[in-house]
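Novice: If you want the building blocks of each chain, they are given just below.
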Amino acid sequence: MSPTPTRPSDDLVPVAGGGLLDRRMFLRQGMMLGGAGLGLLAVDADAADFPRWMKTPGGPLTNYGEPSPYEKEAIRWISANAKAPGHGISWTPLHRLEGTITPNGLHFERHHNGVPAIDPEQHRLTLHGLFSKPIQWSLEQLFRYPMVSRQCFVECGGNSNAGWHDEPIQTPVGYFHGLVSSSEWTGIPLSTLLDEAGLQPEARWLVAEGADAGAMNVSIPIEKALDDTLLALYQNGERIRPEQGYPMRLILPGFEAVLNVKWLQRLQAVREPLMSRNETAKYTELEPSGKARQFTFIMEAKSVITQPSPGFRLKGPGLYQISGLAWSGRGTIRRVDISADGGRSWAPAALQEPLLSKCFTRFRLPWRWDGSPLILKSRAIDDTGYQQPERSTLIAERGQRGYFHYNAIVAFAVDSDGSLRHVYA
Amino acid sequence: MEASVMSMPSLSSPSRSGLRLIWRGSLFIGLLMPLWTPLKAAPEGPKLGVSITQESILPLDISVFPDGTGLPPGKGTAVDGKTHFEALCQGCHGVKGSGGDAEELVGRSPLSGARPDQTVGNYWPYATTIFDYIRRAMPLNAPLSLSNDQVYALTAYLLYLNGIVTETSEMNATTLRAIQMPNRDGFYRVWGNGGR
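Just so you know, the protein sequences line up as chains A and B, in that order. Residue numbers 1457 to 1881, in our numbering, belong to the letters of the first sequence in order. Residue numbers -4 to 191, in our numbering, belong to the letters of the second sequence in order.
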């Protein structure tokens, strides 16, 4: 799949180097291009030999639909432990998706020891520790509670970690940067449940624990728990899938995914963090000094072009649409700039509305490629004014051994044959 | 449960939580930042949670904190730990915790070196974390299968392999929380310090 080039039109004025065009161009041109398309169809229809799917009845109704069999490449790629198939990750194929919602079957996965087969009848949520009383809920009870919905991204702290390597890996964008997905989550504001249990003022952290094999545990700061944290029960309208935490998980918008504990069964309110393995040995970032950053919860602003991107090939010079995703754990994306000359000049992309806080934002920009080699980049700026850093800046600040929280600008080289590859530039 | 009941959340009466927020808000406006974050407008729920006893939580509560809270009775030394390790762990983590397919468990190389392994020995800030993690998560093929004595012994063995205790040091609730790990002061907190 490659964006289809269309004939360049003479009144398109480049707004930055490398053939970047005005972000409003597609809107202005839409009518005209549509009209031309219809004309062609009308000519073809007369002589058409109708395709076989128009001459025989189609397939039956289904209880649960599946993607077209022609879309076999829109799948998660899996990297798992040979001795333990449930221990590993799978990436969202960002390069095969459009819009801002990740289909549930393609949400990235990170499991520490497989997907538990939880019987919802037996599952309980228990709150204890610094509450006025220990308290427990069944699913049936929780479904009576007031719920809210919000869209937000969930990103693994280890997303894009190959970016720390000395040489860029050559893989489709989703399998480099796709430990991030975005969904509409519906559930109970956690504060409602904390309130009911009588959270004590001296409680500063909640130790959250899953009901998976390994009882994954991590400490959550109380400020976040009382702010916008959800006990999520639904994802994109349906009950959360087993690999996303069925029957319930935490959603902490903008925080690294490990705190969004799946299969949640226990919250213990305490004064000091537990110092679990996943907040000490992992999800901390070693700096060149030998000291490590800890409790680096917020996923900073980031963007990546998803089309055109490595693994695809441009079919000759012409007009293309650049499309990509931007997000920030601190708030709303204010601007995304695109460069087609390696960062010498930048043009602002069109941002698809609505612009939602801590959520995927789709950006797009028309581009006329003249067939010469060049370098494409995108950079996100959020509403705190923070700008996604160049890789060299990030490395100057953090070194290369931190593993987590890689959010540098992503660059692709376009070669004259239309192929694309990851580069550090 | 009746379907009609499920579809009727109590939306008719004004939320008491909402009123409380207004009250707290006016109290804090213009004052210093409150030390205690007031609950935001938590929507009021039907309060269906069931009170349970502290005793009924004990078996569920497997959290172990740096100050030793949660450490159960029991004990073990590296001598016993070695036997358990060879039987239950070595297949994945390698002989003496190195060179296996799974994580390296041993190493004391300096953290400021070129590409140091980050292990229990040179990276983990608290010994209690070893207990907490092994008890809940290991062995990977059978989590929650070890006795407390086995977990103490395996913890002692990993500390011994990393040169932190001797082969015969007994690990129990008192001795384990007293261990000072080499990288105890190797971390700084970003959250809560206004940093990025």
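None of these hints come from the bench; they were simulated from the model. Where is the CB? At the ideal position from N, CA and C, for every residue including glycine. Fair warning: there could be bad hints in the mix.
What the hints assert, rightly or not - So, partial list: chain A residues that the calculated Cβ filter (under 8 Å) puts toward chain B: (1) A1536; (2) K1539; (3) L1595; (4) Y1601; (5) S1605; (6) T1648; (7) G1670; (8) I1837; (9) G1841.
Novice: So, for every hint listed, does it hold in this structure?
Specialist: Status of the hints after comparison with the structure:
A least Cβ separation of about 12 Å between A1536 (chain A) and chain B goes past the 8 Å threshold, and the interface hint is therefore violated. Among the interface hints, the one on K1539 (chain A) holds; its C-beta lies about 6 Å from the nearest C-beta in chain B, closer than the 8 Å criterion. Hint status for L1595 (chain A): violated, given a least beta-carbon distance of 11 Å to chain B, over 8 Å. Interface restraint check for Y1601 (chain A): the shortest CB-CB distance to chain B comes to about 4 Å, inside 8 Å, so the restraint holds.
Interface restraint check: S1605 (chain A) against chain B, minimum CB-CB distance 13 Å, threshold 8 Å, status violated. For T1648 (chain A), the interface hint holds, since its Cβ comes within 8 Å of a Cβ in chain B; the closest pair sits about 5 Å apart. With 8 Å as the threshold, the beta carbon of G1670 (chain A) comes within range of chain B, its nearest partner Cβ sitting at about 4 Å, so the hint holds. The beta carbon of I1837 (chain A) is not positioned within 8 Å of any beta carbon in chain B (closest approach about 14 Å), and the interface hint is therefore violated.
The interface hint given for G1841 (chain A) is violated, since its Cβ lies 12 Å from the closest Cβ of chain B, which is over the 8 Å cut-off.
The structure is inconsistent with the numbered hints 1, 3, 5, 8, 9, although it conforms to all the rest.
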